[in-house]
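Peer 1: Knowing the structure of chain A, use the given hints to seat chain B on it.
Keeping their order, the protein sequence lines are chains A and B. In this text, residue positions in the first sequence follow the numbering used here: the first is 1, and each later residue adds one. In this text, residue positions in the second sequence follow the numbering used here: the first is 59, and each later residue adds one.
Warning: the hint list may mix true and false statements.
[Stated by the list, open to error] Just some of the chain B residues that point at chain A, by a computed CB distance under 8 Å:
#1 P241
#2 I245
#3 L252
#4 A376
Since the hints were derived computationally from the structure, they do not count as laboratory data. Where is the CB? At the ideal position from N, CA and C, for every residue including glycine.
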Amino acid sequence: MRKLAQIISWLALLGVIIPSILYLAGKVTLPSVKLWMLVFTVVWFVSVPIWMERKPEE
Amino acid sequence: MAADKTPAPSEPVNEYEREPVPEKARLGFTSFVGQYAGEHTAGTELMIGPLFVASGASAFDLVVGLLLGNLLAVLSWTFLTAPIATHARLTLYYQLEKICGRRLVTLYNLANGVMFCFLAGSMVTVSATAFGVWFHFPMPGLNDLWPNSVGWCVAALGFGVMVAVVAAFGYNVVARIANYAAPWMTIVFLAFGLVGLREFLTATGTQIHSGGDLWALCQTAIWKGGAPMAGQIKFTFWHVMFFAWFCNMAMHIGMSDLSVFRYAKKSWYGIATASGMYLGHYLAWIAASILYALQVHRDPTNTNVLPGPLADNACGIAGLICVIVAGWTTANPTIYRAGLAFQAIFPQSSRYKVTLITGLIVAVFGMFPAVAMKLLDFVALYGLILMPMGAVIFVDCWLVKKLGLVPYYAEASGTRFNWAAAIAWFATLGVATWLVQTGRTQIFFVSLPGWFIAAALYLGLSKLTQKKLPPSPYAAA
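Chain A with its partners taken away, still in its complex shape (with noise of 0.2 Å):
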């Protein structure tokens, strides 16, 4: 659970900063860069209290 968590966490935070990478490079419109920041920062603050700064189970 906690390995999955940490790899959904990672994964969001990619998610949070390609749409802009995609708007520097012309591939997106900016709209569609701020809806998928907000659902990818909703996703990292959902997953990372599951695994940051909780020690792993023995």
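Peer 2: What follows is chain B alone, placed relative to chain A:
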């Protein structure tokens, strides 16, 4: 670092307040990398970046000035703060008490607490600008020092009171959110820059085929240099470099971060501060300045520095959340530290009560945009006021004994007010004020000669005032 020192439910741990940090409690390098990266990507970065543009900084001044200034800051932590911290392994306050005596430290606490209140107030101001996007009330302009609408007052005060209550009763919840948010905030700041850059390309019709094209865009459209906006001081390369170096002067040269690095296993861990400097004080400042430059490029009459609308235009709701979280998570520990400083003055009061009252004062300060809009000046003043005591600590640690004087003189002599340290502090501030007021130098530069003045005064006055005492401390520390 917070993860390693698991705190009690309602307040952060303040261990080893009156003893050296033992070996078992010492922390590794990565603890400091994470802590500094989080602490220095704050809401105020969204004010500072735009203020560079308002001050007429050019592309070279900004990019190279920040690069070098931040390097000097990292070197200051590494070669001034961390060696003393790992030598004595005491908190700033306890070390100062040993040198200056309890009464003078009380005065220092008062100065420190007041400065923390203003700083936290500016963080509340930053976050409150996000609410203006949703509720459409008039917000302060670049040169506004007073609140300019009822809606603004309600938003800033309401948010400030909430921050105050949480700082008093739920510190660790916000501290945990701050840790969760830190990596995400850095990414959102980066996104601000990328989106702003694309918008600039579109607005100017520029095609980028090489690094030279990008640099040309930076020079001709983003950071054009030239005259500052009305009410702002012109920033040159030297202003940018010294600002980046001294904006955390209270922490490095002023030695506040002795309390942090006393936990470091090695003194070279000071270079961990590079994470905060180059993510928060380089990437974030540059990204925020791009957004503001874009706003002014589109509408030269719109000079308002409002992080909320800037973030909303670039990244929508995620940007607004970033503004609120960035302000809140950094105001939280700042209020707590201010509360601790004041509690040292009124030790009989409960920590919660003092923190709550401190937070309410901060909430009132947050309504006034004066500090946020003059943040460049305020930050320089903040460093200047606390810097002389850093010089006193440096001299006491490395030079006093070599010159045949007594280190930790207040402890050794039993005095509660070390006049040599007090005069070194006040006289340095007096000379610095005179230099600035008479136009001989600007506040951004005066701390450099100020440090040498404070160090020389403390040495000279110690020579004059110290009585012969039996040898004492650092050897034992």
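Peer 1: Each hint needs a verdict: does it hold in this structure or not?
Peer 2: A quick look at each hint next to the structure:
1. This hint holds: P241 of chain B has a C-beta 6 Å from the nearest C-beta of chain A, less than the 8 Å allowed.
2. The beta carbon of I245 of chain B is positioned within 8 Å of a beta carbon in chain A (closest approach about 5 Å), and the interface hint is therefore held.
3. At a threshold of 8 Å, the smallest CB-CB gap from L252 of chain B to chain A is about 4 Å, leaving the interface hint in force.
4. Below 8 Å, beta-carbon pairs count as interface contacts, and A376 of chain B has one with chain A at about 4 Å; its hint therefore holds.
The structure agrees with every numbered hint stated previously.
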